[in-house]
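Participant: Chain residues, written in single-letter form:
2 protein chains.
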Amino acid sequence: MTPLSAAHDRVDARAPEHLDLLCDLIRRPSRTGHLDEVERFADHLVKVLADAGGRAEAIRVDAGAPIVYAEWPAPAGAQTLIVYSHYDVISPEPVEEWTYPPFGATRVDGKIVGRGATDAKANLLALIKGVETFVELEGGPPCGVKLIADGEEERGSPNLPVFMDRHAHRLAADAALSFDGGFDARGIPKIGLGTSGMLYVELTCTGARHELHSAGARLFVNPAWRLVWALASIKAPDERVLIEGFHDPIAPPSAQDRALMAAMPWDDAAQLREAGLPSFLTGVRGLDAVERLLFQPGLAICGIRSGYAGPGPKAVIPDRATAKLEFRIVPEQTPETVLDLLRRHLDRGGFGDVAIELLASVETAKTDPDAAIVAATVAAARHLYGASVLKPTEEYAGRQGAWLGRRLGIPGVQTGIGPPGFRGHATDEFVTEEHFVRGIKFAVEILARFAGRPA
Amino acid sequence: MTPLSAAHDRVDARAPEHLDLLCDLIRRPSRTGHLDEVERFADHLVKVLADAGGRAEAIRVDAGAPIVYAEWPAPAGAQTLIVYSHYDVISPEPVEEWTYPPFGATRVDGKIVGRGATDAKANLLALIKGVETFVELEGGPPCGVKLIADGEEERGSPNLPVFMDRHAHRLAADAALSFDGGFDARGIPKIGLGTSGMLYVELTCTGARHELHSAGARLFVNPAWRLVWALASIKAPDERVLIEGFHDPIAPPSAQDRALMAAMPWDDAAQLREAGLPSFLTGVRGLDAVERLLFQPGLAICGIRSGYAGPGPKAVIPDRATAKLEFRIVPEQTPETVLDLLRRHLDRGGFGDVAIELLASVETAKTDPDAAIVAATVAAARHLYGASVLKPTEEYAGRQGAWLGRRLGIPGVQTGIGPPGFRGHATDEFVTEEHFVRGIKFAVEILARFAGRPA
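As you go down the protein sequences, you meet chains W and F in turn.
Letter by letter, the first sequence follows residues 2 to 456 in this note's numbering.
Letter by letter, the second sequence follows residues 2 to 456 in this note's numbering.
Note that these hints are calculated values from the structure, not bench results.
Being a predicted model, the structure only gives us computed values, none of them experimental.
One or more of the hints may lead you astray.
If several chains are the same, the list does not tell them apart, and a pair holds so long as it fits within one copy or across any two.
To be verified - Here are the simulated DMTMM-like pairs of lysine to aspartate or glutamate, each with C-alpha atoms no more than 20 Å apart in a straight line:
#, residue 1, residue 2
1, Lys48, Asp37
2, Lys315, Glu358
3, Lys112, Asp429
4, Lys48, Glu58
5, Lys315, Glu94
6, Lys315, Glu203
7, Lys315, Glu212
8, Lys315, Asp10
9, Lys191, Glu435
10, Lys315, Glu364
For reference, chain W alone in the conformation it holds in the complex (with noise of 0.2 Å):
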C-alpha cells in the first residue's frame, strides 16, 4: 500500500496528460437532448473508463441518452462506493457572445475555457483519474467503485430512475457520491447532504375554438382569466401555499440542522445586491431565511402565457392560457402527493377545467450528517483546501449523490470541483488547470478515507 501523497505526486506527475484529455472530452459537443452527439461521447467515454481499467457500458434506457456504466471491482473485505457525474452539457447559446469558441477549450491564463468545462466534464473526469490513479499505482482502487455517468443531468435525469430500477441487482453499494458543480465564492468546497424535492407541472385552460375578437369578451370564456383565478386559488400573497394539507406534514428542522445552517455562510445583503432587490420575501432575514430557503416548500410560476404578447393593443380573447409551475417539496413530501392534491385542489374549487401535465419530478433526499461517505468527504476537503460548508439540504433539487443515496438505501453526498464563478450555464464557461488537477486528488483522497486508509 503506497503512502497518499504518492498518489498525489502521481496525479501531479500525469497531469499534462490528464489536462488534454479534459480538453479533449470539452472539444466533443454531447449538448443534452441532441442524442447524435451524447451517443458518439458515449461511446467514445466507455474507452476512457476502459482505458482507466474500468469494466464499461453504454447502457440504454429506452429512447433517452444513453447511461455511461463502469465498475472496479472492490478488494477483499472492502466497502463499495457508488459515484455520479453526467456527460451532457447545456447548449452554448448565445454562441455569438463567447470570447473563445463553446467546444474549443481554449487554454489562457491558467484556465481552460468551453461549455461543459466544469460542468461537469472536469468534474467527470476527476472522479475518473482518481480511481485510475491507484489502478495504475495499485492495481485497483481502494474500495469498489460503480460509476454513474449521466447523458440526460442537464434535462432533469428523466432515465435515471428507470435506469435504477432495471439495473438495480448491480448497484448495490454502501454509499453514494456525486461530484458536479463547484466551490462557493471564498474557494470553499460545499458538501451537500440532501436534495430538494421538485414537481414541475403545466397548467392548460382552454377557451374556444380560436382566438375571438375582445368585443366578445362579455359572452365568452377567457382561458387567461380562468388561469388567473386557479392560479390566485393556489398561493396567497403572503406566499403560503393555499392548497388544503400541503403544509400539514412538513417538520421544523432539527437541532443538528440548525447547526449546520448556523455554519453556513451567509450574507442577505450580497445575494440581494445580485439580485438588485432591497429585501426578500415577507422581510425574513439571516438564519431565518437559510431556513425557508432550505426547509421550507414553495411554489413558483416560471412561465405564463396567453394571448397577444407584442407592441401595442390587440383586441383579442386568447384560446388558450398555459402555467408553468415549479413545486419545490421537503422531506415530508412527495412528488405524487402534492400532485394528487392539486389536483383535488382545482376540483374542488372549481377550476376542473384546468389541464395539469407533469413536466418534471425529483424526490427529496436527506443524508445522515454522521454517516461514513460524509466524514470522509469532509475530512479530504479540509486536507485539500482548508475547509468545507456542510448545506443540510440544498435549495436545488438535483439526482446527485443525496439522491441516489436515498434510492438505494445508504448515504449520499455531493460535492464538486469548479472554481468560485466557472459560470456554468452561461458563455465562458470555464475550469482551472489548478482545480482540476487538485479534484483529482480531491477524489483520490476521498476514495482512500471511506476505505480507511490513513491519511
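Chain F: place on chain W using the hints.
Facilitator: For chain F alone, kept in the frame of chain W given last:
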C-alpha cells in the same frame, strides 16, 4: 332638381369606371403604420377627391399618417353632413395563404379580391362617388359634405381626436355618418347608433434585475405571482369587476334600447357553435346575452406573458410579467375615470408596484334613434335593400359615425356596404361589384334624404 332615379341611372352608367377606380385604389398598398405607403396613398386620394369636385387636402397630424379631408359646400339653407371612412388597411400576412395576390384586385365571379376591398376602400369610394354623382348632375351635393378619410383607423385612430381638436373650426356639421364594414349574414345593412368605450392598458410587474433560478423562489419576489394576484383582485370568477366604484354609475338600458335589442337578429346557438363553446359566461341567453354584450362593461385579458414558455420545464423566476387588459365601457364611464379607479384599486390593494401603461382608449358614444340622420339612413336602406338592423350601440369600440357625432355634439350613425362574410382582416378579403355599385346608390339616397329630397 333631377329625380333620384336619374342619379341611380348615372351610377349604373359610370359603374365600369367606378369599379376600375376601386381596383386601382386596392392595388395601391396602404398598410397601416407603413408611413411611406399611406402618405403616397393620401396624395393620390387628394386627386381622386378633387376629380369628384371636392376641396381636398392631406393634413398631417404630428408623426402619424395624414388625414385626407375634403369639403363640398352646402347649398343655401341646407344642412351639412360630415362623413367618415378610412384608407389604411390591415397588413395582409400570411400572404402565401391568399388565393389571389392581396394587392392584385383580382376580379372573379363578380367579386373583387384584395386587402382593403371592403375595409374600407369600397366604403370610402362609395361615399365619394355618391357625392360626385350629384356634382355631375347638379353641380354639387344636396347637402354640405365634409369628408374625413382616416389613415390610421386600423391602428385605433390615435390621431383622429387630435385632428378634430385642431381643426374644430372647419368641422361644424349637423350630423355624422360613417361607411365602414358591411352587412349582416342575411345581407341586411346594420346601422349602428353608438360605440362601446374602451380602455386598453398594459400592467407590468418587475422582479430581480435578471431571471433567477427557481431554487430561490422561497426568498425572491416573483413578478408573475404579483401580476396574478393583482389581476385576481380586479375581477372575480363571477365576472364582476371588483374595482370600487366601477359598476356604480351604470344605468340599465332604456325602454327604447330594449325595443331595438328585441328587434335585432340574435342566435345563441349559432354564436356558440362558431366559438365551439357550450354556453355564454354565467349562462346568459337570448336577449339577456344581447343586453350583457351591449350594455354591461367587460374586462378581458388580451395577453399575458412572463418567464419561460418553451417546451418542457425550465427552473426560473421571471424578471418581469406583463398583462394586456381591455376594459369595454358603457356611456356612464370614461376611459380616464376607469384608469383612475384602476390605479387607486391597485394602490389600495397593496399593488403599488404594478405599473400601468395606457395603450389605447375610445370614448363611448350613443345617438338618439329619433335623429334625422338615423331616419334618413334607415329609409335609404329600406328603399335599396328592403330592410335594416338598428343597433342601439356596438360591442365594438371604434371612432365611427356615432363617435364623430358625439365629439361634435351632433347625431351620428355608422353603417357599411360590404357583402356578408367579406373576410375583413382575413385572407381573400373581397367586395362584390354589386355591393360596391349599390353602395354608391346608398350614399346617394342618404344624402338626398338627409337633405329632405323626396324619394
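Participant: All the hints need checking, so say for each whether the structure fits it.
Facilitator: Hint check results:
Taking the shortest alpha-carbon separations for Lys48 and Asp37, only the intra-copy value of 17 Å comes in at or below 20 Å, while the best inter-copy value is 65 Å. Taking the closest pair of Cα atoms, Lys315 and Glu358 come within 20 Å of each other only across two copies (14 Å); inside a single copy the shortest separation is 29 Å, beyond that limit. Within a single copy, Lys112 and Asp429 get their C-alpha atoms as close as 10 Å, which meets the 20 Å cut-off; across copies the closest is 61 Å, which misses it. In this homomeric assembly, Lys48 and Glu58 come within 20 Å of each other (Cα to Cα) only inside a single copy, at 9 Å, whereas the closest approach across copies is 81 Å.
Taking the shortest alpha-carbon separations for Lys315 and Glu94, only the inter-copy value of 15 Å comes in at or below 20 Å, while the best intra-copy value is 32 Å. When the C-alpha separation of Lys315 and Glu203 is checked against a cutoff of 20 Å, the pair qualifies only between copies, where the shortest distance is 11 Å, while the shortest distance within a copy is 26 Å. For the identical chains of this complex, Lys315 and Glu212 are intra-copy neighbours only, at 11 Å inside a copy versus 27 Å across copies, given an alpha-carbon limit of 20 Å. For the identical chains of this complex, Lys315 and Asp10 are neighbours neither inside a copy (69 Å) nor across copies (43 Å), given an alpha-carbon limit of 20 Å.
For a Cα distance limit of 20 Å, the shortest separation of Lys191 from Glu435 inside one copy, 18 Å, qualifies, whereas the shortest one across copies, 80 Å, does not. In the homo-oligomer, the alpha carbons of Lys315 and Glu364 lie at most 20 Å apart only across protomers (17 Å), although the nearest pairing inside one protomer, at 43 Å, exceeds that limit.
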